Amino acid sequence: MVYQTSLNLEKILGQILDFEKLKYCFECGICTASCPVADLLPEHYNPRTLLHSLSLGDAETLKSAELWLCAWCYRCYNRCPQSLCLPEIFQALRKFAVENDYLEGFYKALKIIRENIPFPASSCYVCFHPERAIDNKQLVTEAIQKDIIDYEAENTKEVTSVKVNPAKVAIIGSGPAGLSAAQDLAKKGYSVTVFEASSSSGGMLKKGIPEYRLPKKIVDFEIKCLNDLGVKIKTNVVIGKSLKVEKLFQDYNALFVATGASKERILGIKGEELTGVFHALDFLEKANMKEIEVSDKVTIIGGGDVAVDCARTALRLGAKEATIIYRRSKEEMPANPWEIKEAEDEGVKIDFLITPKRIIGENGKVAAIECLKNELSEADETGRRRPVPIQDTEFEIKTDNIIIAIGQFPNTAFLPETVEITEERTVAVDPFTLETTSLGIFAGGDVVVGPGSLMEALAAGKQAGISIDAYLRGASLKPLKIYEKGQGRENGNAKK
Amino acid sequence: METPKSESKSNEDIRVGVYVCHCGKNIAGSVNCEEVAKYASTLPHVVVSKHNLYTCSDPGQETIKKDIIKNGLTRVVVASCTPRLHEPTFRRTCEEAGLNKYLFEMANIREHCSWVHLYEPEKATEKAKDLVRIAVSKAILLEPQEEAVVAVARKALVIGGGVAGIQAALDLADTGYKVYLVEKSPSIGGRMAQLDKTFPTMDCSICILAPKMSDVGKHPNIELLTNSEVTEVSGYIGNFIVKVKKRPRYVTKDCTACADCVDVCPVEVPNEFELGLASRKAIYIPFAQSVPARYLIDEKSCIGLGENTCARCKEVCGPNAINFNDRGEEISFEVGTIIVATGLDVYDPIVLKEYGYLRFPNTITSLEFERLINAGGPTGGQLVRPSDMSIPKTVAFIQCIGSRSEQKGNPYCSNVCCMNTIKDALLIKEHWPDVKIYVFYVDIRSFGKGFEDLFRRAKKEGVIFIRGLPAEISEDRKSHNLYLIGENTLEKKKFKVNVGMVVLSIGLKPRDDSGAVQRLLRLSKTSDGFFMEAHPKLRPVDTPTGGVFLAGCAEAPKDIKDSVTQASAAAARASILMAEGSVTVEAITPFIDSEKCIACGLCASVCPYNAIIVDKKKREAEVVEAACAGCGTCGAECPSGAIEMRHFTDEQLYAQIDAATQENADKKIIAFCCNWCSYAGADFAGVSRIQYPPSVRIIRTMCSGRVATKFVEHAFARGAAAVLVAGCHLNDCHYINANYQTKRRVEKLWKKMERLGLDKSRLQLAWISAAEGQKFASKIKQMQEIIDGVTDEEIKKTVECLSSTKRKTAPITLNDNQKSLEKAIGG
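Protein sequences appear in the order of chains C and V.
Oh and the first sequence: position 302 is 1674 in this note's numbering, straight run, nothing missing.
Oh and the second sequence: position 266 is 340 in this note's numbering, straight run, nothing missing.
Just so you know, these hints were derived from the structure itself, not from any lab.
Please read these numbers as outputs of a predicted model, since none were measured by experiment.
Check each hint, because a few of them may be wrong.
Claimed, not checked - Keeping only pairs whose Cα atoms sit at most 25 Å apart, straight-line, the calculated DSS-like set for lysine-lysine is:
#, chain 1, residue 1, chain 2, residue 2
1, V, Lys510, C, Lys1393
2, C, Lys1483, V, Lys292
3, C, Lys1702, V, Lys566
4, V, Lys320, V, Lys388
5, V, Lys567, C, Lys1395
6, V, Lys567, V, Lys599
7, C, Lys1393, V, Lys691
8, V, Lys566, C, Lys1483
9, C, Lys1393, V, Lys849
10, V, Lys229, V, Lys144
11, C, Lys1395, V, Lys849
12, V, Lys229, V, Lys197
13, V, Lys568, C, Lys1560
Claimed, not checked - Under 7 Å between C-beta atoms, here's a sample of chain V residues computed to sit facing chain C:
#, residue
14, Gln481
15, Lys482
16, Tyr486
17, Val516
18, Ser520
Unchecked claim - Here are a few chain C residues that sit away from chain V, every Cβ distance over 10 Å (derived from the structure):
#, residue
19, Val1470
20, Ile1638
21, Phe1804
A virtual CB, placed ideally from N, CA and C, is assigned to each residue, including glycine.
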């Protein structure tokens, strides 16, 4: 292979944030091992080798599809021993490719996404973000429309009615993890039924992610394609209430739990019940259904992606000011760095090292929030610096609305005791097969890892499809049993 | 060899010889040496001006010697590399030809010129001419000096009782010198005592160490002070006064190590030697082979001390060796040389959340592995999984933990981890051949003698090496097995591996208390946090401080062989000084003119060494030559011009400033750099070939404390565009704290410039260490932008304002002033 640089890649590399550090990559592979896209597209995407060819100045990579397949989850950056910011490096090169009219890579990437990734159109909007590099938004939406949506519409066929395998799979939760597992299993010839507790399917795709990031009609379209494939989605079924778990075990041979993490943490401070105080997921869902209003000044408490989404949504609903208050400093803020930047560009303000003490109301409505200033203590044994409120630093922030976005965790109450729950209130699974401690029950997505990215949920769904398929081909077609403690494969102390 | 008599001073015919060195292509590559030599011949007093290929070589030196004799040269200037490298060389050359070695001066046209202006040969040549002119202007004013001779005590202090300290102590003691070996913990042995086997020989570590430890304990020339800490070091080379605090052991020398006390002690605490994997009692001996073989009481956990609540150990002690009233001891002694062998700490991987150390019981560190597999360790040599005490069926080693990473640990490579893991893998195979072993690595560094052989043996035994570090580890909550997920980078495939135990190959780091040792001895640290050697290639065990040497991991991560080698080297270096029995002190101390001295005491107040004694009654000040380090801070402080700093006189400094600002001063930065840090930092920029604008002219002083405000003002009065005063970082000053005076003086001058309406950004103050070449270059680049913006009016105004400041070489003779000064000091 001859390394020719017909383009001046050196020059563009010199403008990138981590250019010097680019050369310090010692190819440990941690980025690729952490990457959910590399999981879903092992033949097409490897961030480590892509970075390697870029640092060699190989101009061919500018035309490659690979450059457009990074999903911006930043997992690589968080774990890289040299702190190389791969998403932003690839972004700079995407822009350079666009400036030099190398769009073939983008179109090739769309085809690969369409063929291999569940919810391809939604993924383009939420994960791949080609519009961040291509200024011409119309070109992007048209390309996604033509190459993905129209294509899907023409090419999705129902799998033949003679099922390849008589086994039946039940999936609890119609979010991206559940539905991508459904798609995978349906394509393999299984009969799949998805149970959804609420009245509309799609999980966070519909409820949590704001409309401006992901148009809901696209989600509906891609769910319809799933129905065309033969996946049945039963809404308004609350497992544990309207349908007992025992009944499920009678009728189905394997179970995939993908109920996500939609229970909101509460602050537990005075005034949380006042009018004008919202909890984040509730706020976002209502905003998506256009059932909510905000006043001029909105304060958002929290530092994750949900908090940032709430802030940006608040502005779009007409608020004049949206301010995020976060208890640690900018370095520790867990939200996606690029989204934080976009939020700030839109006018969202962020104040750091603040702890809310109590919410002050007037006539039952929110008027202000009393806060304390924090300082960061020394790193504890886990390496994180704890925020410690400084005594006597109380101050007030006047505000009309408060959105509490301090974290979400799964609801696992409906699961049988045989399914072990971790201290973080997530479902414990074998990290390779996603099998729980209960035979025949698998789990994946936010219910296992806590709030995560879309791409991770899709990767989990794919893995669930593989694992359940392997399980069903190996096991006999008996209905599931609820195993007593002490029986079954592994039974530990199930923690609730 | 007898040095011929040196020349006498003034009223002599000053005849200067200038030698411009090509240094192969190092200088000639960007500087036109012939042109510079030609230019030099036009300077006043220059009678010989030559250029040659390698001036420091034998033929080069011969040329100089011949010229001195043949042409009656009375001053020599060599324009070549940094004086920090070859000043001693050429000084010797002069001496051999009969010229006093203090009549020699160097112009640094390599590190400070040719190497940093590689792509601007014309400007580099012009700068080289300037630097030669500056050097000649000083040379003309140099005077011959005689060096004082100081006795060196034939005793040594070794700080640290690990294998390096032990080796150094034994070498010195065997040579016949008295050695004080001070060890912080209750026994010598250090890290090597904790290891099981050593690579590449697979020797039992404590078996090869114990005889040496025993030798130390028995040696008539070694005074072993364990459980002790050095609290103060004062003095200077050959004459260090050391204070040591011996912490109380509460057990006397009568202890026979019978261990009866251990059985009855009611207090159990974690055992530090066993890394918390086992416990010990409050009365204990660190490990079985401890030297001294004496128990001690841990005063933090013992409940009997001072409380009269428990005395069980005392009751059963046969030899009656327990003494609750032990208060320890503070002792003080004098030594001639010091060897720092304080060792290392290891990286704590708890901050690596993805690897689960301490969350998952079966994830251990490589040091914990040593204790587990050691027959004398907490499990009797059984490598068991902490979760269920069973032998693991599969073990995974993960390399580079805490090393080679900006984000997670330290950026350097820790030297020993690759070989340590290979050794560990072989140990497992030796005991349990069926255990499957994975090593997850980025590189395998098996560079030393016998290392590659050991690597091959490991592969032969079936150890599986996979290139790629796990991205995350999760745990099977029932079996406590560990799942590793990563990328096999050679196959470009993701791997998922289930193992019974994970060993994190942790890196080495400087000791947490190395800051204290640094302050004690005024040592410098390199950017990795280990102690800095005088020169990484040619003086690898010396520190910049005379008489203080380094050995072992205190200097950098290394294995046992290299530690021992370095220890013997340090002992040899120390022996040179002590064998000679004396050192000559550089003649750069101050001379105080009693006629001009008004006994104000300001000089004594700023002297970091308390080396000036002021007698107000006799109205005189006297310098204690042996205590003086030659920083020059007193000279800069004296208000009556009574102090002349030998070899760095006011007159010489003014001459250098004049020479530097002779032409195009408005395009130049005059930089005053201290010999130990900032000048060395500029040298390092040259060595690293970091390029910066050619507008700076560096004038060297020993310390930034020598730079009086009058010199800076004079530079501005001569029309200089900007002035840089650069010194060591505060608290790192080679002369303890002299740079605080520098800070004070520059701040005073800033205020003055503001008052006069001058642009004070033209005067910059920078703290640049010897390792900060990049910082020096960046500073010059920053100042270039400043001087590009300086207008002619600004320069004219500055010249006018500051020219009225007369050069104060005469004392304040007005009697009124004298009286008010005396009053101010309180008589």
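We went through each hint and held it up to the structure:
A distance of roughly 36 Å separates the Cα atoms of V/Lys510 and C/Lys1393; the hinted pair therefore is violated under the 25 Å criterion. The straight-line distance between the Cα atoms of C/Lys1483 and V/Lys292 is roughly 80 Å, outside the 25 Å bound, and the hint therefore fails. Taking the CA atoms of C/Lys1702 and V/Lys566, the gap is about 35 Å. The hint is violated against a cut of 25 Å. With a C-alpha separation of about 22 Å, the suggested pairing of V/Lys320 with V/Lys388 holds against the 25 Å cut-off.
For the hint linking V/Lys567 to C/Lys1395, the alpha-carbon distance of about 23 Å falls within 25 Å, and the restraint holds. The straight-line distance between the Cα atoms of V/Lys567 and V/Lys599 is roughly 42 Å, outside the 25 Å bound, and the hint therefore fails. Straight-line distance between C-alpha atoms of C/Lys1393 and V/Lys691 comes to about 65 Å, which puts the hinted pair past the 25 Å bound. Our distance criterion of 25 Å between C-alpha atoms is met by V/Lys566 and C/Lys1483, whose separation comes to about 23 Å.
Restraint check for C/Lys1393 and V/Lys849: satisfied, since their Cα atoms lie roughly 18 Å apart, inside the 25 Å limit. For the hint linking V/Lys229 to V/Lys144, the alpha-carbon distance of about 46 Å lies beyond 25 Å, and the restraint is violated. Simply put, C/Lys1395 and V/Lys849 have alpha-carbon atoms about 21 Å apart, close enough for the 25 Å limit, and the pair holds. Among the hinted pairs, V/Lys229 with V/Lys197 is inconsistent with the structure: their alpha-carbon atoms are about 53 Å apart, more than 25 Å.
A hinted pair counts as satisfied when its Cα atoms are at most 25 Å apart, and V/Lys568 with C/Lys1560 qualifies at roughly 24 Å. Contact between V/Gln481 and chain C, as hinted, is supported at the beta carbon level, the nearest pair being about 4 Å apart and thus within 7 Å. Below 7 Å, beta-carbon pairs count as interface contacts, and V/Lys482 has one with chain C at about 5 Å; its hint therefore holds. The beta carbon of V/Tyr486 comes no nearer than 13 Å to any beta carbon in chain C, farther than 7 Å, and the hint placing it at the interface is violated.
Checking V/Val516 against chain C by beta carbon gives a least distance of about 5 Å; that is within 7 Å, so the hint holds. For V/Ser520, the interface hint is violated, since its Cβ never comes within 7 Å of a Cβ in chain C; the closest pair sits about 17 Å apart. For C/Val1470, the non-interface assignment is confirmed: its Cβ lies about 28 Å from the closest Cβ of chain V, beyond the 10 Å cut-off. The beta carbon of C/Ile1638 sits about 26 Å from the closest Cβ of chain V, which is more than 10 Å, so the claim that it is off the interface holds.
With a closest Cβ-Cβ approach of about 5 Å to chain V, C/Phe1804 is found to fall inside the 10 Å limit, against its non-interface label.
Hints 1, 2, 3, 6, 7, 10, 12, 16, 18, 21 from the earlier list are contradicted by this structure; the remaining hints agree with it.
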